[in-house]
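Go by the hints and put chain B onto chain A.
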Amino acid sequence: MKFFKLLRFDLKNGLLRRWQGYLILFATIIFAYIDFSIRIMEIRAGGIYGQGEVSIGTFLFYLFGGMEKYVPSPANPFIFPALWILVFIQILFITLYYPFDNLNGIGKNLLIASGRRKSWWLSKCIWNISSVCACFIIIWLTALVCTLVTGGELSFAVGPLAEGLFPKALWIKRPMDTQLFFYLIPAPLLVAAALSLVQMVVSLVIRPIFSFLCSAVLLGISIYYVSPAFIGNYAMAVRADSIAFDSVDGKTGLGLCLLIIGVSILFGYLLFGRYDILGKDTEK
Amino acid sequence: MKRNVLRMELKKAFQTKMFAASLLIMSLVACLSAAYSIEVYRDNLSMLQSISPDGNFSKNYMLPVLSSYSAWIGNETRSLMQALFYMLIPVAAVFPFGSSFLSEEKSGYLRNVAVRISMPFYYFAKALACFCSAFTAVVLPMLLNFLVVSAVMPSSLPHAGYEIYYVVYFGDFFSDLFYSQPLLFVVLNILLPGLFAGVIALLAFTLSLKIKNKYVILFLPFLFFLGIEYLASFVLRNVDGNVWGYEFSLTTLLHASVPRGDKVWWMAAGQMLLLLGCTIPVLAVRSKKNEVF
Chain A
1218 MKFFKLLRFD
1228 LKNGLLRRWQ
1238 GYLILFATII
1248 FAYIDFSIRI
1258 MEIRAGGIYG
1268 QGEVSIGTFL
1278 FYLFGGMEKY
1288 VPSPANPFIF
1298 PALWILVFIQ
1308 ILFITLYYPF
1318 DNLNGIGKNL
1328 LIASGRRKSW
1338 WLSKCIWNIS
1348 SVCACFIIIW
1358 LTALVCTLVT
1368 GGELSFAVGP
1378 LAEGLFPKAL
1388 WIKRPMDTQL
1398 FFYLIPAPLL
1408 VAAALSLVQM
1418 VVSLVIRPIF
1428 SFLCSAVLLG
1438 ISIYYVSPAF
1448 IGNYAMAVRA
1458 DSIAFDSVDG
1468 KTGLGLCLLI
1478 IGVSILFGYL
1488 LFGRYDILGK
1498 DTEK
Chain B
46 MKRNVLRMEL
56 KKAFQTKMFA
66 ASLLIMSLVA
76 CLSAAYSIEV
86 YRDNLSMLQS
96 ISPDGNFSKN
106 YMLPVLSSYS
116 AWIGNETRSL
126 MQALFYMLIP
136 VAAVFPFGSS
146 FLSEEKSGYL
156 RNVAVRISMP
166 FYYFAKALAC
176 FCSAFTAVVL
186 PMLLNFLVVS
196 AVMPSSLPHA
206 GYEIYYVVYF
216 GDFFSDLFYS
226 QPLLFVVLNI
236 LLPGLFAGVI
246 ALLAFTLSLK
256 IKNKYVILFL
266 PFLFFLGIEY
276 LASFVLRNVD
286 GNVWGYEFSL
296 TTLLHASVPR
306 GDKVWWMAAG
316 QMLLLLGCTI
326 PVLAVRSKKN
336 EVF
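Sequence lines, in order, name chains A and B.
Here my numbering is used: the first residue of the first sequence is 1218, the next is one more, and so on.
Here my numbering is used: the first residue of the second sequence is 46, the next is one more, and so on.
It should be emphasised that the hints constitute simulated quantities derived from the structure, not laboratory data.
One thing to keep in mind: the hints can contain errors.
Derived pair list, reagent style DSSO-like, types lysine-lysine, alpha-carbon separation capped at 27 Å [to be verified]:
| hint | chain 1 | residue 1 | chain 2 | residue 2 |
| --- | --- | --- | --- | --- |
| 1 | A | K1325 | B | K334 |
| 2 | A | K1229 | B | K47 |
| 3 | A | K1229 | B | K334 |
| 4 | A | K1229 | B | K257 |
Calculated from the model, a selection of chain B residues having no Cβ within reach of chain A, i.e. all distances over 12 Å [as the list claims (entries may be wrong)]:
| hint | residue |
| --- | --- |
| 5 | L55 |
| 6 | Q94 |
| 7 | L202 |
| 8 | S225 |
| 9 | L276 |
Each residue gets a CB set at the ideal place from its N, CA and C atoms; glycine is no exception.
Excised from the complex, chain A in its bound form (with noise of 0.2 Å):
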């Protein structure tokens, strides 16, 4: 029963209350569908890739492609894709503080209140991939608005034309030719829970701000190097084991995923259960 009123509170404080960083993250998908738009359009123009329709699909494969691997020359310098790495960077900063910010504040008597730790790390755990699943939520509703405003199709099929959104890859099979689904919604989705559920018990062991510059970085490094280690790589479709020739296999990427939450939530549940909650602030 206190677990249950733990999450609630957890679930209306953290996730209800904070609702600025959704609106920022909304306004970025908006705007990334002006540009997707105007990128479809240039695309159509050229002819290369045909006339073919737009679906939710190719918009969706257009914000989590991600980038084609890195291929080291002087014509060629690195460059973040600062779409894809927004999106991510922006749902990690959203899952960042609430935990520590309840720690420090009225979360350490509702601890005291419920007498278990466990309660109080679960509730956490379910806010944290509570959190994510909103971002999410928000990105696909407004993709689905997005979509049907501008007369596209509803469906998740890609089509011809994101060939043309990443012209630098090497397609072994082509985008509209397989199925993408994992690669579009589950994968991302899964990605971001993994990391923000390893950033929040990384948080127990140093501050909270060094845990997400290891999240931004570990983003950083995800791009430049195409890497099963890299748990980056499995939510950038352009990286996809059907279609690309570098590419990451998406099964490995939905077990590793999966695994890296049980680890966090039990690791975390290990380490908060040793956790100084009246020595350390970590507003400091």
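Here is chain B on its own, set in the frame of chain A:
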């Protein structure tokens, strides 16, 4: 008394763990970038030696390209670390002292200061400390990178014929210096990010007057400049180059060799003035109307 406050603020700024962490992280990134450049240089060198062990080349192997001036972090474009360094400048700028005002306000320290010294001077000392710590946290790692790279690679004068390899084109600001006075070019390209870092720290100080969440103060400039980077990539791709072709994202503008838009001096100066215009007047007004009690 005023001198003591100034000295104390500067001492606090340079003795925080956050300043040490900032300096350490940026130095690590800068050294890794240097390591990448040196590795590329050694690969090239061994390839040249295998082609001609006696040093007589029958073809042009573009030796001036293998220069420390084209391999230091400000001109190196291929490693992850150079991109990370420029992306993290807003973080490194704000970490050392950007949220100090908020901490002092929350702890009640500000009230103790208010009864001892005029608030405008306290604000001035705080702003100066913010600026200096941010400047140092960015400039020292860049300097370290240049010194490490120069210790291994020859500092040969860049040849204008190879501009596509240096990616410093005519018309980019300071580009004429790159081909005539490269050391001065390097110094200016180290100072410029340092100055911007200082101004970004002032921006964080200004934000802390209104925003009372430390995490937001520390990362809002970073998220803002990331957003500007996306906006710049959008504008430069979609707007006709004859209408607007100027680079305005600081992440790219401050890097001497990332070719996306035209790099013009007035864009850097304009952004500097804009940021100063958003911070200095606000701080000046607030310092006179500050109600700490």
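These are the hints, each one checked on the structure:
no.	hint	in the structure
1	A:K1325 with B:K334	36 Å, violated
2	A:K1229 with B:K47	48 Å, violated
3	A:K1229 with B:K334	37 Å, violated
4	A:K1229 with B:K257	21 Å, holds
5	L55	21 Å, holds
6	Q94	21 Å, holds
7	L202	18 Å, holds
8	S225	22 Å, holds
9	L276	8 Å, violated
Of the numbered hints listed earlier, those contradicted by the structure are 1, 2, 3, 9.
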